[in-house]
Structures are given as structure tokens and as C-alpha cells.
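Here is how the chains run, residue by residue.
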Amino acid sequence: MTSVLGIPVAVILGQLTLGLVNGSFYAMLSLGLAVIFGLLRVVNFAHGAFYTLGAFAALLGLQWLGINYWLALILAPLAVGVVGIVVERLLLRRVYGLDPLYGLLLTFGLALVCEGSLTQVFGASGASYPVPPALTGAVNLGFMFLPLYRAWVIAISLAVCFSTWFVIERTRLGATLRAATENAPLLQAFGVNVPLLVAATYGGGVALAALAGVLASPIVLVNAHMGSSLVIVVFAVVVIGGMGSILGSIVSGLVLGVVEGLTKVVYPEASNVVVFLVMALVLVLRPTGLFGKE
Amino acid sequence: MSADVLRVSGLHAYYGESHVLHGVDCHVGRGEVVTLLGRNGAGRTTTLRALLGLVGARSGSVVINGQETIGLPPHRIARLGIGYCPEERGIYASLSTEENLELPPSVAPGGMSVEEIYSMFPNLKERRASRGSHLSGGEQQMLALARILRTGARLLLLDEISEGLAPVIVQALGRTIQRLREQGYTMVMSEQSFRFAAPLADRFYIMERGRIVEGFAAGELRDKMALLHQYLGV
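Which chain is which? The protein sequence lines are G and V, in order. Taken in order, the first sequence gives residues 1 to 294; the numbers are from my numbering. Taken in order, the second sequence gives residues 1001 to 1234; the numbers are from my numbering.
Worth double-checking, as some hints may not be accurate.
[To be verified] Away from chain G, derived, C-beta distances all over 12 Å, residues of chain V:
1) G1066
2) E1116
3) K1125
[Claimed, not checked] Covered by chain G, according to a simulated footprint, are these stretches of chain V (three or more residues, beta-carbon under 8 Å):
4) 1012-1019
5) 1069-1076
6) 1096-1109
I should point out that these hints are in silico values taken from the structure, not numbers from a laboratory. Just so we're clear, the structure is a prediction, and the values are computed from it rather than from any experiment. Every residue gets a Cβ at the ideal spot worked out from N, C-alpha and C, and that includes glycine.
Chain V with its partners taken away, still in its complex shape (with noise of 0.2 Å):
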């Protein structure tokens, strides 16, 4: 058994014909914010869905908790404690706020209630009984990531969360990723804003061509960022 929460080596990913990931290497520890910078196409949000086996096919290893995970369908992994919150939000039009919420099941013992997360969350209470089609981006966002705090998940696969967001917004979410940091969630977040990650995250891995080409811890930061400049192109 590793003390890491998630030990990825060697992982390919396929859309149909088309080899996504070229053999991603990297390890997440318990309690850890790890970000995965990169540019557009760069293999960030793949390498999210690969986890959770949401690809055509991906071979290499995946352990989560000490179990591999290679082999297993999505719902399986899923079932190991990890909550998923997807680029386009995946916030369900036909259902209600409610619903959205209370649709995800559990995964793992200790997840929040549905009232402590409308605490967390008063617009989604106001909102309970609007259909998730009729709810602004931001409040999208918000529902995207208070319906995997629900099921228990302490591992939390976050992909783009500030994106396409207003500047206010941006920082309610920023509060609300320290507050889940200081809880001790485990989060993998693909960022390509950077300025958005980097007083979030303790490391950072940067991705090109489908690879990790460099990891870094944030006290590192500053003499990394020439580094930074050249593949992120800030």
C-alpha cells in the first residue's frame, strides 16, 4: 500500500484512432492540491477522464487507494471515493436543482448533507426547484461542485472550475476550494488559468503533447516561472 492517494504511471488514452495520452506519470497524496497546467490540448481534461476510464481505451497503470483500476468501468472507479466535476459542468437541464444534487449516489461514508451544502451554497437553496437549464454559469459551476461534496468523495477531480466565469464568481470558488483544502479534500484540478491555481494548489505538474514534462512544488514557484512562460506561453 502507498501512501499516495492516486499513483498514475504509464498511462495511454485512445479516442477511436487517435492516441490522446503518450504515457502520463504522476502521484497525488492525501490531502494534496496537485493543478495540471498546460495549454489548450495539451492532454489536461483527457487525462481527468482517463481516471475515471471516460475514454475509448487507456492502458497503463491507475491506482487508487492501493487498488488498480486499469481494468475496472467508470462506475466502479467512481465507487472507490472520487467525485468528478466535468469541464462542460454536466449540470443535467431536465432535472431540478434538487435533483442534480441528489443525483450522484454515495460513494464513500461522510459526505456532506443537503443542508450543510446549502449553507455552503445559498444561491443553489434559492434555487432548488429551478431546472438546471434555467440556472446562470455560475450557479452551474457552484451545483457542478456541491453535488460531488454529497457522496463522500475525498478525491476530487475538478476540470476548469474557473472558466468562462465572472471575476467575483471566480473568487467565491477560490474561497470555496481553500475551505474543501483546509478539510482535507484530495483535488486534481486542471486550470489553464493559472493565476486562479496558483495560491491553491502545494504542486503543480505541467503537461505538453499528451505527457507531464514537469512537476513542481508551489515553493518552487518563482523559479520556475521562466519555465512556466515558455510552455504555458504567458
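This is chain G alone, in the form it adopts within the complex (with noise of 0.2 Å):
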């Protein structure tokens, strides 16, 4: 079989194809992080909550009222998402202006409730959301086999990713939404609804959350906790990729789930690491980010 300094050509694709998938987790969930901070400043540290809740409400659907997988894609997000719209109203709306420690603390805060509570009242063992009968099963790569909900996980996140991007970079909505981020008093001025595109955005960006939420509930295992250890390696990849940048975090997101994945095949030992090297280098390098302006 052929290799590459002594590995297997084949273990090196299957690990570059789990870190795609890995990858698309970190692209969806960095790239809600980089559309709030963009207009609201606030470095929203609950995303990791709002993925989990995307999560448990997948599971709960599917538990308590026999909602199916395929409706839980929509509903989960949509209910997380007027969640994550009420929590900006009633809260986060009342730290704007002020210093950004505030508006970090607070949903550091509201992340830590919503753990507590989750632990408190479905325990820390957490549970499993089966794979949906249409997507058992593998695809042959020819290198491995490919379990086929991974492989709609990757294709779904990109369409994903790639749609959030068209609709901010080139729709008539993208273009007030990129005009709120540079100057909203004057957008208002002009006639637009500007606190309610900022509900709306945050609500949006806490959205896309739970919906890789429910994308990995049937590959994780669905508890607590599953957000607080993501969304500390997604906060490297909003500062790699540049904060604020829609483009660069989901580059830098899906680049380093690919990293993580090659360096379990050179390094394992490394790997959980790496994603922080990188911050790191690129922090000394070129501290805007990679696709970080100013």
C-alpha cells in the first residue's frame, strides 16, 4: 500500500475527512460568532450553550413528542434561535455601549446557567439521538468507508456556510446588514429598524448554533456539556480567521478542522492542541486574523 513517510495514504484521507467534518462544525459555529461580533461587539460567549441547546432540543422532539430528525433541522433552530432573540432583548441589549467585558460576561453567564440547568435536570451522563434511517449506512471512498451521515453533515454545513455568505455578501439585506456593522445610527437615520435587525441577527447567528447542534447530536453524545468544550476551539478559529470576517471563519474553520485531523495522524498527542498553536502564530504574525481587516 502505498505511503508517505511511512503512513498510509489511506489513513492520512480518512483523518483529512473526519477533520472536514470536524471542520464543518467549527465553520458553522464560528461563523454565527463572527455575524454577531460583527454588529453587536459582543463576543457572545453562550454560543457554545445555543449549540447544545440545539442539541437536547433535537433530542427532546424526538423524546417527548416524536419529532423526527428531518423536522428537528428546522424547528430546533428556529425555537434556539427565538430564544437567542428574547435573551437580546431583555439582556444583552442593555450592554451595548459599554465596555465589551460586560457583554462577555454575561453570556458567560447565561452559558453557565444554561449548563447548570441541563446538568441539574437531565443529569451529566447525557444520551444518544439516533442516526436517521436514511442516512445509515456508508459510502466506499475507495480509501475508507465513510459513514453516510458524515459525509451529509460536511455537504449540508458548506451549503450552509455557503448560503450565509451569498446572502451577507451579495443580497440587498447582506448590504444593510454589512451598513449596520460600519454605522448603524446612520442606517436608523435613514428609516431602517436597526434594533430589530440586530434582534434578528443575533437571533440568526444563535440559529446556525443549534443547527450544527443538531447536526452532531448523532454523532456526539448529547449532554451539557458538549458546547463549553466545543466553543473554546471555536473561539481560536474567529481569532484566526479575523473577528468579524463572514469569509474567514468559515475558511479557517473548516482549514482547521483539517489540521486537527492531519495531526492525529503525525502527532496524536498534539492534536488538541494545535488549532491554539496556530492562534498563537498567527496572533504574533498578523494579530487582525487572517482575513482580518484594518
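Put the two chains together into one complex, using the hints given.
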């Protein structure tokens, strides 16, 4: 069998593919964070909690109401998005214009409350979500058997990320959003309901996190802490991509997933820290991130 | 209902702790061009901003087309048919010329089409794909004016539109304002350049320390020159 530096090519390609799956989650989560940060200037530490809520919404929807996976894919992000809008209206709104630290503390506190409540009610052990029947099985890629569900995750998250990018960069609504990021008071003086736009943006960013949570639920164990472990890496991804950069967060999410996967092949012990090493390197060489402006 | 498009009485405005406007009173009739004159810091820009609610806090009364707006948020006020051209021009750097042009939502029926605007400002058509940050000062000013003509607004608040522009551009701008005046637009201009404003305005207000201290019609201009010199220090 062919090999590179003594490592079978099949193993490398296999980890590349799995890295791409992880990268898909990084991309979706960091995209939402980037959009929220761009407009609200709030570093949303509750992002991981909303991801967790998405997964729980899918799980409980199935267990209590018999809502299937496909419906959950739409309903869970909607429900969590509404929760996000309520949070923005009632709480987040009060910290705009204050030191960024307040937003950070508020969202961090929210994440802790959410995690704590979920642990209290559902315990810490977690449950697994069944893979939907249509997506069981695997595809033979020649070098590996890729579970169909993971292929689906890559496809759907690429589609979602690209659509979000398209809406923001290429449509009228996106132009309004970009304008609000640049100078919101003037936009409001033109007659745009900026407070509504801000609430909807937060809801949208949070719904992306929830969608990632639903997508992840058949792969990972659904428990109260699934978000907090992931979100740290996602913050590193956002910093690497450049705070607030849409394209940067998508590309660096996918790339860092792959980098992580490849590290597992070469030196598995480093795979958990490689993202942070890259972040440190980027911060030293290019403090605004790979795609950042200024 | 009053015939005035805009009626302001006892308008106070604050930025944080500082009290900037101290009871502004003025009125603007339909189709009138009114110019606010005054030294730097007299409160002209703040008056325009306060009309839209773009200050920290405000009190008093601002009636637009018969509706009291003092308690309304800026986007609701704008939707009463106001177009605002800010002093710093407010061109969005990350948006193209055309995106800037199409950004402000329609606030009333009867706005100009993009094609009409391009025929009025041919330069903007050439630069339609350029980023806002790549436009010259004159082009930015034209764009800032053009984009509020698309919205159907009939009351235009124009803040220092002649400032910092080459004389030939200022002349072109003057002709544009003249054309808009003939088309019946109501305009409130804040101007430091008396020479730019003089041939365009129907009436003048002079501001000093956050108040309107004098108001007179264009016909009285000759008699008021001494007063103007005194207030404006020209």
C-alpha cells in the first residue's frame, strides 16, 4: 500500500475526511460568532450553550413529541433562535455601549446557567440521538468507508455556510447588515429598524449554532457540556480567521478541522493543542487574523 | 394641522452630560429652502441631528407633517419622509456605490429611480461598482445627496454639503440644489459657507450657543448684512 513518510495514504485521507467533519462544525459555529460580533460587538460566550440547546431540542423533541430528525433540523434552530432573540431583547441590549467585558461576562454567565440547569434536570451522563434511517450506512470512498451521516454533515454545513456568505455579501439584505456593522445610527436615520435588525441577527447567529447542535447530535453524546468543550476551539478559529470576517470564519473553520485531523496522523498527542498553536502564531504574525481588516 | 412641514419649539438636546441645544424654535414651510447659519459649535449640526433623534436625549417639540415626533425612535421619524445627508457624508466604505445608493429604504412614494439619479449624477454611474472608500470627496458628497433622492423623501436635511469641496464641485452642487428646489423639495441646510447658501435659500436662521437668535427672509438679506457680520464674524 502506498504511504507518505511511512504513513499509509489511506490513513491520511481518512483523517482528512474526519477533520473536514469537525471543520464543518467549527465553520458553522464560528460563522455565527463572526456575524454576531460584527454587528453587536459582543463576544458571544453563550454560543456553545446555544449549540447544546439545539442538540437538546432535537433529542427532547424526539423523545417527548416524536418530532423526527428532518423536522428537528428546521424546528430546533427556529426555537433556539427565538430564545436568542428574547435574550437579546431582555438582556444583551443593556450592555451595548458599555465596556465589551460586560457582554462577555453576561453571555458567559448565561452559558453557565444554561449548562447548570441542563445538568440539574437531565444529569451529566447524556444520551445519544439515533442516526436517521435514510442516512445510515456508509459510502465507499476507495480509501475508507465514510459513514453516510458524516458525508451529509459536510454537505449540509458547506451549503449553509455558503448560503450565509452569499446572503451577507451579495444581497440587498446583506448590504444593510454590512452597513449596520459600519455605521448603525446613520442607517437608522435612513429609516431602517436597526434594533430589529440587531435582534434578528443575534437570533440568526444563534440559530446557526443550534443547527450545528442538531447535526452533531447523532455523532456525539448529547449532554450539557457538549458545547463548552467545543466553543473554546471555535473562539480560536474566529481569532485565526479575523474577528468579524465572514469568509475568514468559514475557511479557517474548515482548514483547522483538517489541520487537527492531520495532526492526529502525525502526532496524535498534539491534536488538541494544534489549533491554539496556530492561533498563537497568527496573533504574532498577523494580529488581525488571516482575513481581518484594519 | 399646520401648513408647515416642520415646526420645532423649545427643542433641547443633550450628548451625555452636556446640554447642547437650549430651546431651538423654528419652522419650515412646504417647498421652502431654509439655511441655518452660525459659527462652528453654534449648534447647527446638532439641530439637524436632533430633528432625527440622533442625539443622546432631547426634549421639546418637533412636529413633522403634523405629527409630533419627540418620543419616536430615529427610524420611525425618517419614515415620515425625511432624507438626511450627514456632515461626514456617511458613505459606507465596504459597500459599492450602487449598494450605497440602494441602501436607504423607501420612505414615501415618488422617489427617483436609479436611472434618473444616474442621469442627474453621471459620475456616479461610472463609479457604480467602486467601493465607497474609493470615491473622491466630491463623488462621496454627490452620492450622499443622491441616495436620499431615491427614497421619496421630500424634506431633506443637508448638513454642510459644500464643506471641503473644490469650487467647481460646489458650483455643480449649487445647481443640483437649485434643481431640487424647483422640483418642490423642502430643504433645511446647515451651512458655514454663507456664499454657497445665499443664492439658494428662501430664509435664514442664525444660531448662537445652541439657540436660534435671528431669522429673516432672503429679501431682507441686504438690511441684515451688518448683523450677519457680527454673528458670523465674516
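These are the hints, each one checked on the structure:
1. Annotated as non-interface, V/G1066 keeps its C-beta farther than 12 Å from every C-beta of chain G; the closest such distance is 18 Å.
2. Separation of V/E1116 from chain G is adequate, the least Cβ-Cβ distance of about 19 Å exceeding the 12 Å criterion.
3. The Cβ of V/K1125 lies farther than 12 Å from every Cβ of chain G, with a closest approach of about 18 Å, so its non-interface assignment holds.
4. Coverage of a stretch by a chain is defined here by at least three residues with a beta carbon nearer than 8 Å to that chain's beta carbons; for the stretch 1012-1019 of chain V and chain G the count is 0, and the condition is violated.
5. Under a criterion of three residues with beta carbons nearer than 8 Å to beta carbons of chain G, the stated coverage of the stretch 1069-1076 of chain V is upheld, 3 such residues being counted.
6. Figure legend: the stretch 1096-1109 of chain V, annotated as covered by chain G; annotation consistent (6 residues with Cβ-Cβ distances under 8 Å, at least 3 required).
Checked against the numbered hints listed earlier, the structure breaks hint 4 alone; every other hint is satisfied.
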